[in-house]
Amino acid sequence: QVQLVESGGGLVQPGGSLRLSCVVSRNSFSINKMGWYRQALGKQRELVADITTGGRINYADSVKGRFTISRDNAKNTVYLQMNSLKPEDTAVYYCNVHSFPYEYWGQGTQVTVSS
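For the sequence shown, the working numbering begins at 47 and goes up steadily by one.
Treat the hints as calculated values from the structure; they're not laboratory data. Please note that the accuracy of each hint is not assured.
[As the list claims (entries may be wrong)] List of simulated lysine-lysine pairs, DSS-like, C-alpha gap at most 30 Å:
#1 110 / 132
#2 110 / 79
#3 110 / 121
#4 132 / 89
#5 89 / 110
#6 79 / 121
#7 79 / 89
#8 79 / 132
[Stated by the list, open to error] Estimated spans, in silico, between C-beta atoms of each pair:
#9 49 / 156: 27 to 35 Å
#10 102 / 151: 29 to 37 Å
#11 132 / 47: 35 to 43 Å
#12 123 / 62: 31 to 39 Å
#13 59 / 144: 21 to 29 Å
#14 62 / 110: 12 to 20 Å
All residues carry an ideal CB built from backbone N, CA and C; glycine is no exception.
Take the sequences, apply the hints, and build the full model.
Following this line, the structure appears as structure tokens:
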């Protein structure tokens, strides 16, 4: 069974930073793509950023220049460094992993940006 364990969420003031981590529990697991989505209250879940095994990266326009996604393939871990946070970044952030033909989700971690 595959589990995604997220950490790093919390409350931060506008302009602050947070780093999210997501560890995939199962070894020898062929991962094609890892990423982060978010869902704000009353809104649809949206892609924040994703990264392929080959290192190709995709960002939502709203986070370009502020967020950085990275992955450690040896540790089956994906990170999201979030800088210059804004109140509109407040959401539950979900880790997402593609291992063809399957897709897996973490339980979500709350990020709140507020003064």
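May I ask which of the numbered hints given earlier this structure violates, with the numbers listed in increasing order? 9, 10, 12, 13
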